[in-house]
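Participant: Listed here are the chains, written in short residue letters.
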Amino acid sequence: MRRPAAPAAVAGLAWLLAAAAAAATPTWELPPPHARIETEAPVDRAALPPDHPAWPISTVLGGATDRYPHAILGSVPGWAQLTVVALSCGACRHGVEAALVVLPERRVFEDVAARLWDVTGDGRPEIVVVESDISRGARLTVWGYTTAHSGRPGLRLLAATAPIGRPFRWLAPAGIADFDGDGLPDIAYVETPHIAPTLHIVTLTGEGLVAVAPPLPGPTNHRIGDSFIAGGLRDCGGGPELVLASADWRQILRVRLDQATGRLQALPAGPLAGDDPAAALAAARRC
Amino acid sequence: MARITYIEHNGTRHEVEVANGLTVMEGARDNGIPGIEADCGGACACSTCHVYVAPDWVDRLPRKEAMEEDMLDFAWKPDPARSRLTCQLKVTPALDGLVVQMPEKQI
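Listed in order, the protein sequences are those of chains A and B.
Residues in the first sequence are numbered consecutively from 1, following my numbering.
Residues in the second sequence are numbered consecutively from 1, following my numbering.
Incorrect hints may appear among the rest.
Computed from the model, here is a short list of chain B residues facing chain A with C-beta under 10 Å [stated by the list, open to error]:
no., residue
1, D39
2, G41
3, G42
4, A43
5, C44
6, A45
7, C46
8, T48
9, M67
10, D70
11, M71
12, L72
13, D73
14, C87
Covered stretches of chain A (chain B as the covering partner; in silico rule of three or more C-beta atoms under 8 Å from a C-beta of chain B) [to be verified]:
no., region
15, 104 to 116
16, 137 to 150
Far from chain A by the CB rule (all over 10 Å, computed), these chain B residues [unchecked claim]:
no., residue
17, N10
18, H14
19, V16
20, A19
21, G21
Keep in mind that the hints were calculated from the coordinates and are not lab data.
Nothing here was measured: the structure is a model prediction, and the numbers come from that model.
For glycine and all other residues, C-beta sits at the position ideal for the given N, C-alpha and C.
Kindly produce the complete structure, drawing on both the sequences and the hints.
Facilitator: Right under this line is the structure:
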């Protein structure tokens, strides 16, 4: 099983999860190490305001399942559950706490990570992860870590894109940045990266996840069976841009949102040569 | 099987038979009844399957679990007594005759 976090970070997460379990009666069980994907975004607690709310610091995708037999991510299975560990609120007595969501039988998380991304722009991370329905395919979901009036932590679905509409159709997140210069984060993802790939950029509003630019056909960031998503963001001083592959995986593309026209622009950035195109895309992200 | 009446906010009534083992949310979804969105699919993570239960049914339903109570915090204009999340109501013969009304909107 792929484990993206560094060994030291994994050890840290294991400790945090154990501490969370000790701090509150857990309603979840930590999946075994070989059957989970962990993602961390540690914060400097001293830098948080004293009255900060509960603050997500790590996620765990667990409950490996084959109930949605897509296998688009190779060795990475579908996941039935998402656990989020958070620093307890500034005024709370617990150090850490955790919340869990278990998906219904007809859905799975189909992703390589549950990302801790600040989608609302308030500095506190939300959780961004791809979820797939057995009859309607994938959608991008944004989850918030909540504290109910009872004081119990929970995960709440804040927004989601419309499902692609067919089973075995997937999407691959590409990055989060302020692409349109309005001061708020925008999420980039490639819909159907293997069949007519199309880059979408959306932002969270009161109406849900709304497009900030017309979709751009062509760029992609995933090959069937890869257990990772290639390419990603870079900002070399001129604003955020995405480093992606052309649909035929022969070209490196730099994609940015032209704020004058409001449209996405893809610029060729060299051939995608060699045996390891993902490494070439990673290299192209460096300034 | 239970006969359940779903009343839209505008008063439109839908009386349908729902199979045992489904949830009241799934009964609405499978019969194309508007007003129950169930964005999270029944994971008790969005409160978009919120309804007001008819007063004479409040005490005849299973009690709310803590997770449902918490998620109702985020529902549109919840009523402490009558609000339920339909994804948490499993259909049994005991629910035959249940009447629920949808709120003006689901958050």
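Participant: Holds or violated: C87 of chain B as interface residue toward chain A, Cβ cutoff 10 Å?
Facilitator: OK, holds: C87 of chain B within 10 Å of chain A, min 8 Å.
Participant: Does the interface hint hold: is D70 of chain B within less than 10 Å of chain A, judged Cβ to Cβ?
Facilitator: Holds, because the Cβ-Cβ distance from D70 of chain B to chain A comes to roughly 3 Å (cut-off 10 Å).
Participant: Using the nearest Cβ pair, does D39 of chain B come within less than 10 Å of chain A?
Facilitator: holds (6 Å)
Participant: Are there three or more residues in the region 104 to 116 of chain A whose C-beta lies closer than 8 Å to some C-beta of chain B?
Facilitator: Check passed, 3 qualifying residues.
Participant: Just to be careful: measuring from the Cβ of M71 of chain B to every Cβ in chain A, is the smallest value less than 10 Å?
Facilitator: holds (7 Å)
Participant: With a cut-off of 10 Å on the beta carbons, see whether M67 of chain B makes it to chain A.
Facilitator: Since the shortest Cβ distance to chain A is 7 Å, the answer is holds.
Participant: Regarding the hint that D73 of chain B lies at the interface with chain A, is the smallest CB-CB distance below 10 Å?
Facilitator: Holds, because the Cβ-Cβ distance from D73 of chain B to chain A comes to roughly 5 Å (cut-off 10 Å).
Participant: With chain A as the partner, please determine if A45 of chain B meets the hint condition of a C-beta pair closer than 10 Å.
Facilitator: Interface hint status for A45 of chain B: holds (5 Å vs cutoff 10 Å).
Participant: Is the hint on G41 of chain B kept, meaning its closest Cβ partner in chain A is under 10 Å away?
Facilitator: holds (5 Å)
Participant: So, A43 of chain B near chain A? Judge it on the closest CB pair being under 10 Å.
Facilitator: This interface hint holds because 5 Å falls under the 10 Å limit.
Participant: Tell me if chain B covers the region 137 to 150 of chain A under the three-residue, 8 Å CB rule, please?
Facilitator: Per the Cβ count (5), the hint holds.
Participant: The output says N10 of chain B does not contact chain A. Does that hold with a beta carbon cutoff of 10 Å?
Facilitator: holds (22 Å)
Violated hints for the displayed structure: none, as all numbered hints are satisfied.
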